[in-house]
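Engineer: The residues making up each chain are set out below.
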Amino acid sequence: MNEEFEPRIVAFLCKWCSSAGSDLAGVSRMEYPSNVTPIQVMCSGSVSPLYIFSALNKGADGVLVSGCHPGDCHYIKGNMYARRRLALVKNLLEFIGLEPQRFRMSWVSAAEGLKYTLVIKDLVKELKPLGPQTKMRRKQ
Amino acid sequence: MANIEALRQEARKLLEEGKVRTLIGYERGPSPWVSSPVFLKSADKVETLIWDPTCVQNLVRFLVDDKRRQAKEREPDKRPVALVVKGCDSRAVNVLLQEKFIDRSQVLVLGISCEKTGMADAKKLAKALKSKKFLAVEFGEGDTFLVTTAEGKVSLPADQVLAERCRECKANVPVISDVLIGDKTKRTPAKPFASVEPMESLSAEERANFWKEQFDRCIRCYACRSVCPMCYCEECVVDSINYAVTAETSAEEKAQKIRWIERSSEKSENIVYHLVRAVHLAGRCIDCAECERVCPMDIPVRFLNKKLEKDALALFGYEPGLEAGLPPLVSSFKDDDPQDFIR
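Protein chains in written order, with the numbering used here: chain A, 1 to 140; chain B, 1001 to 1343.
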């Protein structure tokens, strides 16, 4: 039996926007792939690069960090710090040879349930042809 | 060429007048191509101070250690510490000042200019001299090194033996100093990121293979962390040695003490460690390349830092350690920071 590869995605969603956005997608009965494991964080600015590396090490095929649009942060400027920090992280991951598609950042507001499903669909579509992530994953 | 006598004179004056608590400089190490740090408390030993292309260490690390020691003293000596710094090290002082880790009154910076050359790379030197017995290396006229061997003096062009980071150095003259020794001749490198560029032009697969080969060698001795003047956290995310889970460990305790990286034989975690180390130094690393020098497994850890330095400049126009008054890179932002990677 030749099953299609299903990527595992870890999504760090900020509590005030993206998490509410994913909630909206859920209560509106919008369909999107079930490959994503959402983790609610208080702010995209609280996502330490270590979370991302750790997720990739512990078996994630892709990581998504999603927060409020610039200017809409519940903590005024947390997402602005995240943007700066994660730009560096993204480049660094590419530098050590990870495929650029494996790390994604997006802005999803609480009203953008549809956008959330589109982001997930797009990410899954991009990750499927890549196959399992082995470059940073632990063996056991 | 920066005059060692001028440095000694300055050191003697400071120590005799009792203006400083300790003076940290370089002395001759166990062999002619090695220097070691020296801590002077009185003026009688200033003659041991040296300044030559073997003074590779970044002494700013000792400011971090000194701060810890001072904090334990019951009646701390309030006088500053005098520190001999090269151009690159002076940027490290700037970063520590910028992060308010040290106070400006606590350090007296004895800046020394590398002028047209820099530090010699011991391996390159050995290669250039082939099997000749090597006695001393000095700064020569212009951009040359004057090497004394058993068979007489040889003048080597700096390009041949200069350490890799010195070829890409942007601060050959200290950017912060109370006393400056040597000329203020600025030297700008033609290609400040020459070492990263060949890496970037490789394909993702080649890069992954390269780094896998490098990181698989890592023995997690954490020497790169110990030597770094910026790695001053009281508790490091990778430390979990003094934490053991027993039957009595509560769930709460476990949750508070997340072990991100186990000190096990799992090679994949070496990547996590090195990436974390690099990211924690983003916008702070001043490229003294001490991490690479102390690495017992010859892992090119400096590459990661250099890559982040390059990105910080390209994306945010930020250069670490040049201005102590600026906010640090990752604790500041601009409204128009690039966000084309966000979809």
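By construction, these hints were calculated from the structure, which means they are not laboratory data.
Every value quoted in this text rests on a predicted model; they were computed, and no experiment measured them.
Treat the hints loosely; a few may be bogus.
As the list claims (entries may be wrong) - DSSO-like cross-link-like pairs, simulated, lysine-lysine; straight-line CA separation at most 27 Å:
id, chain 1, residue 1, chain 2, residue 2
1, B, 1212, A, 135
2, A, 58, B, 1100
3, B, 1100, A, 77
4, B, 1334, A, 58
5, B, 1067, B, 1078
6, B, 1124, B, 1170
7, B, 1212, B, 1310
8, B, 1127, B, 1116
9, A, 139, B, 1267
10, B, 1212, A, 139
11, B, 1130, B, 1116
12, B, 1334, A, 115
13, B, 1310, A, 77
14, B, 1310, A, 135
15, A, 128, B, 1212
16, B, 1186, A, 135
17, B, 1334, A, 77
To be verified - Label pairs and their in silico Cβ distance ranges:
id, chain 1, residue 1, chain 2, residue 2, range
18, A, 76, B, 1315, 21 to 27 Å
19, B, 1101, A, 137, 35 to 41 Å
20, A, 71, B, 1101, 30 to 36 Å
21, B, 1325, A, 29, 51 to 57 Å
22, B, 1201, A, 126, 20 to 26 Å
23, A, 128, B, 1160, 38 to 44 Å
24, A, 137, B, 1160, 28 to 34 Å
25, B, 1136, A, 137, 48 to 54 Å
To be verified - Listed next, the stretches of chain B that the computed footprint assigns to chain A, with coverage defined by at least 3 CB atoms under 8 Å from CB atoms of chain A:
id, segment
26, 1090-1098
27, 1268-1276
28, 1296-1310
29, 1322-1331
C-beta: ideal position from N, C-alpha, C; glycine also.
Engineer: With reference to the structure, classify each hint as holding or not holding.
Structural biologist: A quick look at each hint next to the structure:
1. In summary, the hint linking residue 1212 of chain B to residue 135 of chain A is supported, as the alpha carbons are separated by about 8 Å, within the 27 Å threshold.
2. A C-alpha spacing of about 36 Å is found between residue 58 of chain A and residue 1100 of chain B, which places the hinted pair above 27 Å, so the restraint is violated.
3. Distance check on the hinted pair: residue 1100 of chain B and residue 77 of chain A sit about 22 Å apart at the alpha-carbon level, within 27 Å; holds.
4. Using a Cα cut-off of 27 Å, the hinted pair residue 1334 of chain B and residue 58 of chain A is violated, with the two alpha carbons roughly 34 Å apart.
5. For the hint linking residue 1067 of chain B to residue 1078 of chain B, the alpha-carbon distance of about 11 Å falls within 27 Å, and the restraint holds.
6. With a CA separation close to 21 Å, the supplied pair residue 1124 of chain B and residue 1170 of chain B stays within the 27 Å bound.
7. Restraint check: the Cα-Cα separation between residue 1212 of chain B and residue 1310 of chain B comes to about 22 Å, which is no more than 27 Å; the hinted pair holds.
8. Taken as a hint, the residue 1127 of chain B and residue 1116 of chain B pair is honoured in the structure, with Cα atoms around 22 Å apart against an allowance of 27 Å.
9. Of the supplied pair hints, the one linking residue 139 of chain A and residue 1267 of chain B holds, its CA atoms being roughly 9 Å apart against a limit of 27 Å.
10. With a CA separation close to 14 Å, the supplied pair residue 1212 of chain B and residue 139 of chain A stays within the 27 Å bound.
11. Proposed proximity of residue 1130 of chain B and residue 1116 of chain B is supported: the alpha carbons are some 25 Å apart, at most 27 Å.
12. For the hint pairing residue 1334 of chain B with residue 115 of chain A, the CA-to-CA distance comes to about 26 Å; that is within 27 Å, so the pair holds.
13. A C-alpha spacing of about 25 Å is found between residue 1310 of chain B and residue 77 of chain A, which places the hinted pair at or below 27 Å, so the restraint holds.
14. At most 27 Å may separate the alpha-carbon atoms for a hinted pair to count; residue 1310 of chain B and residue 135 of chain A meet this at roughly 24 Å.
15. At roughly 23 Å between alpha-carbon atoms, residue 128 of chain A and residue 1212 of chain B fall within 27 Å of each other, so this suggested pair holds.
16. A C-alpha spacing of about 43 Å is found between residue 1186 of chain B and residue 135 of chain A, which places the hinted pair above 27 Å, so the restraint is violated.
17. A hinted pair counts as satisfied when its Cα atoms are at most 27 Å apart, and residue 1334 of chain B with residue 77 of chain A qualifies at roughly 10 Å.
18. In this structure, residue 76 of chain A and residue 1315 of chain B meet the distance hint of 21 to 27 Å, their C-beta atoms being roughly 22 Å apart.
19. With their beta carbons about 36 Å apart, residue 1101 of chain B and residue 137 of chain A fall inside the hinted range of 35 to 41 Å.
20. Checked against the hint of 30 to 36 Å, the C-beta distance between residue 71 of chain A and residue 1101 of chain B comes to roughly 32 Å, which is consistent with it.
21. Taken as a hint, the range 51 to 57 Å holds for the pair residue 1325 of chain B and residue 29 of chain A, whose Cβ atoms sit roughly 55 Å apart.
22. For residue 1201 of chain B and residue 126 of chain A, the hinted distance range of 20 to 26 Å is satisfied, since their beta carbons lie about 24 Å from each other.
23. One distance hint, 38 to 44 Å for the beta-carbon pair residue 128 of chain A and residue 1160 of chain B, is violated here, with the actual separation near 51 Å.
24. At roughly 43 Å, the beta-carbon separation of residue 137 of chain A and residue 1160 of chain B lies outside the given 28 to 34 Å, and the hint is violated.
25. At roughly 51 Å, the beta carbons of residue 1136 of chain B and residue 137 of chain A sit within the given window of 48 to 54 Å.
26. Remark: the segment 1090-1098 of chain B is not confirmed as covered by chain A, as 0 of its residues place a Cβ nearer than 8 Å to a Cβ of that chain, below the required three.
27. Residue count for the segment 1268-1276 of chain B with a Cβ under 8 Å from a Cβ of chain A: 6. That meets the three needed, and the coverage hint holds.
28. With a cut-off of 8 Å between beta carbons, the segment 1296-1310 of chain B has 3 residues touching chain A; three or more are needed, and the interface restraint holds.
29. Note: the segment 1322-1331 of chain B has 3 residues with beta-carbon separation from chain A under 8 Å; the three-residue rule is met and the coverage holds.
This entry does not satisfy hints 2, 4, 16, 23, 24, 26, going by the numbered hints stated previously.
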